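Using the sequences provided together with the hints, build the complete structure.
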Amino acid sequence: MSAITRVGGPASRMWRGRPALSPGALKGETVWHALIPVAILSLVILIAPVLAPYGGTDVNPVGALQSPSPDAWFGTDEIGRDVFSRILIGIRTSWFAALGVILLGTIIGGLIGAIAGAFGGKVDMVLMRITDLFLSLPAPVLAIAVIAAMGPSLRNTLIALSIVWWPWYARIVRGEVRALAARPHAEAAQLAGVSRTRLVLKHLLPGAAAPVIVTMSLDVGNLILALAGLSFIGLGAPPPAPELGAMSARGLQYLFGHPWVPIAPAAAVALLALAANLLGDAINRRLDQRTTR
Amino acid sequence: MGALVLRRFGALLAVLFGLACIVFVLQTVIPSDPARAMVGANASQEAVEAKKAELGYDDPLPQQFTQYLQRLAQGDLQSSLRTRNEVTADLREFAPATFELAFSAFVLAVAMGLGLGLLLAGGGRAGRIIRIFLIGGASVPAFLTGLLLILVFYSWLGILPASGRVGDNFIVPDGPTNLLVVDSIIGGTPDLTLDALKHLILPALTLALLPALAIARTLSTSLTQVEREDYVRTARSKGLTERTVLLKHALRNASGPALTMSGLQVGLMLGGVVVVERIFAWPGIGLYIDQSIAYSDFPAITGATLLLGTAYVLVNFFVDLTQAWADPRIRTV
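Respectively, the protein sequence lines represent chains A and B.
Anchor point for the first sequence: position 138 equals 1468 in the working numbering, and the numbering is continuous, going up by one each time.
Anchor point for the second sequence: position 236 equals 258 in the working numbering, and the numbering is continuous, going up by one each time.
Worth flagging that the hints you see were computed from the coordinates, not collected in a lab.
Errors might be hidden in some of the hints.
Reference listing, derived: stretches of chain B covered by chain A, where coverage requires no fewer than 3 residues with Cβ under 8 Å from a Cβ of chain A [stated by the list, open to error]: (1) 156 to 162; (2) 170 to 176; (3) 326 to 337.
From a predicted model like this one, the values you see are computed outputs, not experimental measurements.
Even glycine gets a Cβ: it sits at the ideal position worked out from N, Cα and C.
Here it is, written out as structure tokens:
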């Protein structure tokens, strides 16, 4: 493990072991290779709904609330929709929504962090104070308020989560950029008359890739849970869209008679988050190992 | 220590001001029309305009902002569109239940986190298995935990209640704290205390599980680091038992990060409260938010956001101070 382990982060971010990667210690290739399993899993999740025996919104009132059977593996819900089919589609939504938030958060945070790190001085101070402000507030509560303000929809949920998720990335990127700027290679580039933009893009930002990717990979699981929680309280895509959290919430009233209706989608969230967390852990250890060797 | 308290207090005020600013920005960008919502869908255009003027929505933004801050300072959070009450009155009604739940969950999370963290650190070769268990546990959404707990302890075993704060056959005392457990102890009704505690167990456990795992993980990491230090080796070579070394020597120095993590986890809990209160029909702020969302009741949601945000900032302020008090090295930083 790395010698320094950063502790903390927004509340939703409970993963320990963010490694202190030495800047620029990784070749780009290694970083991208670590992401291959993520790409494979994404592909599987993307095409899995092909296996769904029914459509996500196919209604069959006659077959409502049926127990799990070979025809409907996880039974049917209160209006006869096949729970298994809906879960496959719901998993796809959750997974890509989580990746989308991470990507958006990284882009916003990366941009702000890079600007703060590259300019320094007052720009840095103002941007970092704003970042600190967001880090000092409870992210899930803010996200709820933002979605409620903009109106519940999947798009707004993604925007709201990105708004509360970027500050960590801003801080990481800013730290890496500032650390790298003090290094000989950056000074050499400056002396060679490289423009500021090129200096940041070509000589400073690539060094931040490894720590950012480690953080991203550890975040996917947390985001899946956060998205599912928001969807559970009605802050996701409006019905009848098959979303795991919302499916579980609507099935709540059938918990005693037909437990599979609320439990199956909730268990799917757990499985998906588990897959993401195991992947994140593997990526973390792989990149960590390479840099501390 | 005094200078530190002052500095942290300054930061606290700055963050609260920032929170107020964020909520103001949200208020100005909402697509819905609060004035229309207040006078009703069938009201005439003149009535809407009049309400708008009355609420100050026609004023320039800087003026709206100062008015907004003045109202906040006076504790005026406008009226809920759904309940038609003052939001402050609503919050005062629902806050004690949430405080009781969140506080119990926090205590539970810290206790479980401490226990699990110590077990992990002392676990040795079992570490890998426990690591997998922790990753597994951290992947379970709160609503799955809640549903499973209800199925097992309410539906199958029938030993714990699964909804509300108290059984129907009890008369709920009217104050003084509105914390049911405390009030029933003051009022000398042990039956009620027991019933209230029983109602607390499942929701508090649901809310505490994820934070407990995070605290355990942080604690075990910092324990592993502290255990490499010379003074711990000295303690071991003196012939102290592993247990004494861990509890008397390593734990205090390793507790800082775990304490910080505990404070940060409160944020997760305050978000989780909305989910947990819905599952357990717990009449608190979370349920209030949940119902307000369905009505697009924006004054209620912003009011609750301000309250929960402030609570979170305050908790972390005190966590910071506790840490500085426990660890003199921090005071000088």
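Results of checking the hints against the structure:
Coverage of a stretch by a chain is defined here by at least three residues with a beta carbon nearer than 8 Å to that chain's beta carbons; for the segment 156 to 162 of chain B and chain A the count is 5, and the condition holds. Closer than 8 Å: that is the beta-carbon criterion, and the segment 170 to 176 of chain B has 3 residues meeting it against chain A, so the requirement of 3 holds. Under a criterion of three residues with beta carbons nearer than 8 Å to beta carbons of chain A, the stated coverage of the segment 326 to 337 of chain B is upheld, 5 such residues being counted.
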